[in-house]
Structures are given as C-alpha cells and as structure tokens.
Amino acid sequence: DAGITQSPRHKVTETGTPVTLRCHQTENHRYMYWYRQDPGHGLRLIHYSYGVKDTDKGEVSDGYSVSRSKTEDFLLTLESATSSQTSVYFCAISEPLGQSSGNTIYFGEGSWLTVV
Amino acid sequence: GENVEQHPSTLSVQEGDSAVIKCTYSDSASNYFPWYKQELGKGPQLIIDIRSNVGEKKDQRIAVTLNKTAKHFSLHITETQPEDSAVYFCAASRDNYGQNFVFGPGTRLSVLP
Chain R
1 DAGITQSPRH KVTETGTPVT LRCHQTENHR YMYWYRQDPG HGLRLIHYSY GVKDTDKGEV
61 SDGYSVSRSK TEDFLLTLES ATSSQTSVYF CAISEPLGQS SGNTIYFGEG SWLTVV
Chain W
1 GENVEQHPST LSVQEGDSAV IKCTYSDSAS NYFPWYKQEL GKGPQLIIDI RSNVGEKKDQ
61 RIAVTLNKTA KHFSLHITET QPEDSAVYFC AASRDNYGQN FVFGPGTRLS VLP
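Chains as they are written, first to last, in the working numbering: chain R, 1 to 116; chain W, 1 to 113.
Honestly, the hints are just simulated from the structure, not real lab data.
Here the structure is a predicted model, which means the values were calculated and not measured.
Every residue, glycine too, gets a C-beta built ideally from N, C-alpha and C.
Everything hinted at is true.
The list that follows gives simulated cross-link-like pairs (lysine to any residue, SDA-like), each with its CA atoms no further than 20 angstroms apart:
id	chain 1	residue 1	chain 2	residue 2
1	W	Lys22	R	Pro39
2	W	Lys42	R	Arg22
3	W	Lys68	W	Gly1
4	W	Lys58	R	Thr104
5	W	Lys37	R	Val88
Not the full set, but computed from the structure, chain R residues with beta-carbon under 8 angstroms of chain W:
id	residue
6	Gly40
7	His41
8	Leu45
9	Asp56
10	Phe90
11	Ile105
12	Phe107
13	Glu109
Same shape as in the complex, but just chain W (with noise of 0.2 angstroms):
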C-alpha cells in the first residue's frame, strides 16, 4: 500500500524567511496531494492541493511542486508570518476521496518574530 514519508519533523525559521516542508510517496499510482494545516487544538484545514498532470501550484505566499519521477513533492511558503505557525500535513491518494488518502507525520513549523 501506499507509504508517505515527511521531512523535516520540526522547522524553525525567522519571520520573513521561507520555509520548504518535503514529502514522498510510495504509490506511482497516487494522482491527488493535498496538503493541510492544523492549529493547536483545531482541525486540519486544506491549505493547498496538486494533482499529478501539473509541476507547480501557488497560492499567493504558498507553493506547492510535483516531482512524478522521484515521487515527491514539497510545500513552499514565503514571506513567512507568525501565523503560519502550526503542523503541515501533507497526503497522498489515488483520488480525492479520504478512504484512500494516506497522510505524512507531519511538520510542526515554528515561525520566530
């Protein structure tokens, strides 16, 4: 089955500074990667998402890329904000439907003033 690794576990950057969240998948068969933020004591919300027949996603400071051949993909945020502050999950699937999804440990960010 499908198998989605995340990295790193923690990250820590400076206000202003850029944060790159990486993930990869086992399934070459896996077409849909959402990625999610989650709040301390909230529920994880969909902050970006790609499917396998484009490269590159964005969504004003965020960015998501698609690497099909490694099987990878990464989360990009810019201009980073205290705000951003929480855990990012990224997943994979076949689909868009959760029965199928299959989600990274996630990365706690830290963003420091």
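One chain only, chain R, in its complex shape (with noise of 0.2 angstroms):
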C-alpha cells in the first residue's frame, strides 16, 4: 500500500462548522489531490498540489480550501460545512511522468464526513 494517510477517517459535524481533513504521505511525491466521492458521481476532483504552496482548483472546490506547507501533508478545509459536503474524500498523490512510480496515481482509504 501507497504511504497515505488520511485524519480522521471518520467524522460527524454540524451544519456551519469548520471542518480539516489532513493528508500525509511517505512516498515523497510531488503531486497530491483531494477527490470526493458520492453514489453516482464516480470521484471529482476538488483541488490538487503540485508543489509546497501550489495548489489550485479541481471541479468541485467551491466551499473548500486547501494548504500544503510540507511536501507530506496536504489539508482540506471546509469553512463551513453544509449538509450537501457529506461524503468520502479521498486524499491521492502521484508522481510526474518518468519517474519510477510508474505515473500511478495512488490513493489513500478514504474519510468519512457526515454534516449533520
């Protein structure tokens, strides 16, 4: 398994609460990513890093933000979290083309985030 993990791995909060989801990886890879996950949908993209301070949006990133001050650790934010942000958001890291990894983009096991 892929050196990822995602805190906490469950969570209810209420309705207009701040919410932060850690990603912490051991693999050293450049690229990392918060996806979400609800029936139907497949995974859509919220936002993703390509470096320490280089974030930027995904498909989905309204009423979320992210920070990646280390090269390990990328954090999802949800200012205020809404009932419709209840979901499983997956944390992923991958490496640019031509590196050893072999362009594979690894995900981690998932959090779950109920807003109540």
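Build the complex from these two chains, which are given one at a time in their own frames, with help from the hints.
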C-alpha cells in the first residue's frame, strides 16, 4: 500500500462548523489531490497541489480550501460545513511523468464526513 | 470538457465466467485510460491502464481494449473469482496527472460462487 494516511477516518459535524481533513504521505510524491466520492458521480476533483504552497482548483472546489506547507502534508478545509458536503473524501498522490513510480495515482483509504 | 460514461452500473456473474465493463469518453484528445478497483471501505487501486498508442493490454486475467475511433474502452476480466467482487471505475485523461482525470460513475461487480 502507498504510504498515505488520512485523518480523521470518520467524522460527524454540525452545519456551519469548520472541518479540516489531513492527508500525510511518506512517498515524497510531488502531486497531491483531494477528491470526493458520491453515489452516481464517481470521483470528482476538489483541489490539487503540484508542490509546496502551489495549489489549484478542481471541478468542485466551491466551499473548500487547501493548504500545503510541507511536501508530505495536504490539508482540506471546509470553512463552514453544509449538508451537501456529506461525502467520502479521498486523498491521492502521484509523481510526474517519467519517474520510477510509473505514473500511477495512489489513493488513500478515505475519510467519511457526515454533516448534520 | 471531458465526459465519461460507464456501463453497466451493476454486473453479476458466476464464478469462472468472464466480465466486461465498457466506458465511452467524449474528448478525442484524451490519451490515458486507467481502471481502478475499489473494495468496500477502501480507496481505489489501479489495476490496469492503457495509452492511446496501443489497442490492447493484458495482465494475467485482466485486459483492457481501446477503440480510439469510437472513443470507447473496455475492461475484461476472465475466470472471475469471488475476490474480484468490487466497484470498478474507468477514467480518461489527456495525461496521467490526477487533475485532468474524469472518472466514470462506477460498476459494481458481484461474482457469485
């Protein structure tokens, strides 16, 4: 298994509260991503990072922010959680084309978030 | 933008039979097509991928075929086993970076003993 740790793995929070999900990698991969997974929608990209302090938006970025202060950590923050953000969140990592990892995108085990 | 459709949404097969999952994509510039397997409560794992310069790729019981003209690609699993039961996702991208992936909605495969 790729060295990706997500925390917390499960969380229940109330509408309007801030929530931060953490992704920690031990692979020293340059790229990190946050996806959300919902029934019928597959996996959708929220934000991604291509280096320390370098981030960009994905297709469903509204209501989310990210930060990457170290290569190994990528944080996803819901500033004010809403019920529509109830989902499973996956962190992923990858290396640039040509690296020894074979261009594979590795996913973490997921964080189940319920907003009530 | 890219759109990926995947069929069927659920598939049940008898152990030992073959399973086929099909995906279509809309962006003719897409050139990388990975398949992921996701077991219950776990993250997706890459099982096979194919690039647009080849038409077929095999890895033991798993194969993927690509038809660029028709813009569709398929996953073939032969001699299915109960441990093949999972949700399978296809994806299409202009490259292999996650920020450009578009995933299909998934197929739940059940292999019946």
